[in-house]
Amino acid sequence: MRARWIRTGRGLTCLVLCGALASCQRPTQPLLPPPLFEFQGPSPEPLASRENNLPAQEIRDADTPATMEDFERYAGTIRILFGRGSAELTPIARAVLDRQAAWLRAHPDIRASLQGHADELAPREQQFALGEKRAAAMKFYLTARGVAPQRLFVTSFGRERPVATGSDEASQSQNRRGETVLLGLPGLSRP
Amino acid sequence: MAGLSIRQRTNLADMIRSQITPCWNPPQAEDNSGHVTIVMRIRLGRDGGVLGTPALSRIGGQTAANGAYANALAGSVRRAILRCAPLRLPPELYDAWADVELNFDPRDIS
Amino acid sequence: MRRSILSAVLVPLVALASPLRAEGPLHVDITQGVASPLLIAVPDILSGSIPDVAGGEDAGAALAKIVRADLVSTGLYRLVPFDGHYAIADEIAFAPFARAGAQALVLGRARPAGNNLLAYDCALYDVFGAHVEASQRIIVATAQWRRAAHKCADMVFAFTTGDPGHFDTRMLVAAQDGAIPGQRTRLVSMDYDGANPTELTQGKELVATPRFGPGSRRIVFLSYVDAAAPRLVVADLDSGSTTALKLPEGVPSAPRFSPDGATILFSLAHDGDADIYAVNLASNSVRQLTSEAGTDTSPSFAPDGSAIVFESNRSGDSQLYVMAPDGSDQRRVSFGAGGHASPVWSPRGDLIAFTQMGDGALRIGIMKPDGTRERIITSGSRDEDPSWGMSGRAIMFQRTAAGSALPKIWLTDLTGKVQQPVAVSGAASEPAWSGKRP
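Protein chains in written order, with our numbering: chain A, 1 to 191; chain B, 1 to 110; chain C, 1 to 438.
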């Protein structure tokens, strides 16, 4: 195979990401707070043609603000589960993502972080890739259901954020999951 | 010096080898240690004790890369000799074992 | 030299005639030994209390205790017990140690050296020859008094094994607090034995896969300051400055420095596919090294920079592959039972450590770089994340007992016979072991 040189296209505004790193031995200059991440790329498209077909009143009426709670209430859950080592969407997962897609179509100003997670039964590094594969599968499905890809941001936590500990299958099956976390809600703190 | 048969010389060498082998604790060799051998010359008293300090007469297979390993090997050899002394050897053949050259070669150590 | 050549020639000749005259020294070839721990004594030499050292305990006794712990942890030494102690001015006779079977003797004398400094005179003696094999005057700041003992143990290790010691080193761990979910993760650095912990991050954001660069002052880790977009962050522990690497779109993970510190290898997952990349830290140019479908991750350079080992599931389950630094000549090297993951090349270059998957368990194994002589050296239910000591003779790893046990850091020798937990309080995972400290 041939190796390829790639130039990073997406410039980040701040190179020096001043995390809360304390010096080991010497006193250091005060560290800047971490900058908020700015999403690159064009603003979300209105998606008017497809989303006009939706029964919007079923999703919300004028008095319901767009909140994480409303999203979760409507979709039933923000979380879908996967099989061991798999990024395949189960019928149940598809049904949940159908509802999530409908809600997202009705709220075209809201963006979402798709967060893939993996169980603790396999070595750490490969689980980052598996989490990304799960989140990418969610993005692919939601995009096919009419959510603009520019609104969806794939990330992976690997096995670093388990919801259940314990080495048994029942616990670990809860960790093989994908979560849809809304971004850009007014007043919503960063996920 | 008394004349010795081949068999007598071989037997003497076996007696010395069997006494020093259990005392030799060589450092663990790795692939990049190479094949280092150490030759030590010792003089023994009639009681089998080592006279003076064992003299390192030759290091074989030493390279720039394995110098530290070779030093550790030489240290293990010196300790082996001193730890096993006095050697128990037939006094009537003292002339034959008063002066011994020991060739330490870790090739058979797994 | 001449003598041995002469004798080699003589032997076939003398076989013909017997008896014969003994010519020169008697030659004896010794090709076998007993590879067993070196019997060593490290008696306490009392120094009295020294300000800012050992919390007011006797400094000499406290230092000797650390030297003993360091040496024993490697499995290469067995302590010869010695009751009693010496005063700093005592003449020390070798005979009692020889009688007790000690082959080597370590004597360390601690003294205040003024100006908040501690002097530790460390000497290694050959008990039978009654002579000094190595000695060193170690001067450290009293606040770093433990380093004096570690440096002394490093000297003993170097002179008895031929390899640099790994005792005066640091370790990074990801420490967890609180219950799941909502657990916080802090990056903590500490001495290799768990002493002197320093908190590097405060748990506001998730951190993962910390790794040291060459030496002990530069690190890289995965930071979730923005949970929606994790970054690889390079940090300088002296200045405290941190830099997020500019990388192509995707989720980066599994970073590891090149031996010269100029490059970081990592895995980048994008659209369900993960490949190995290299980023040059000076130019920020990014190079893709693998492009097979599936997950390629956990890259680790050989210490001479001549090859990279990584993990891939391109053949089905996870196995180890080796390739040239430009990504060419990729070939599978692991063929033992089960899956193989998280490879790390030994600093000596002679072995690769990895996490083996099989029978529902994770275990630490080692193999030669061509995949031969594979050995599984731990037997826990979840042992993973191996990290080499700079001696190439010890491995730190994460062990999680069955059930809901907290992950802990353990240390093992290469046989797996000598294993012990490292004293880190609370839950700690992902140990990263530093190289030489300045």
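Be aware that one or more of the hints could be misleading.
Covered stretches of chain A (in silico footprint by chain C; criterion: 3 or more residues with CB under 8 Å from a CB of chain C, positions within the stretch not fixed) [unchecked claim]: (1) 112-122; (2) 126-134; (3) 145-159.
A few chain B residues facing chain C, derived, Cβ under 10 Å [said to hold, decoys possible]: (4) Asp47; (5) Ala64; (6) Gly67; (7) Asn71; (8) Glu101.
For the record, the hints were derived by calculation from the structure and aren't laboratory data.
A virtual CB, placed ideally from N, CA and C, is assigned to each residue, including glycine.
Which numbered hints are broken by the structure, listed smallest first? 4, 5
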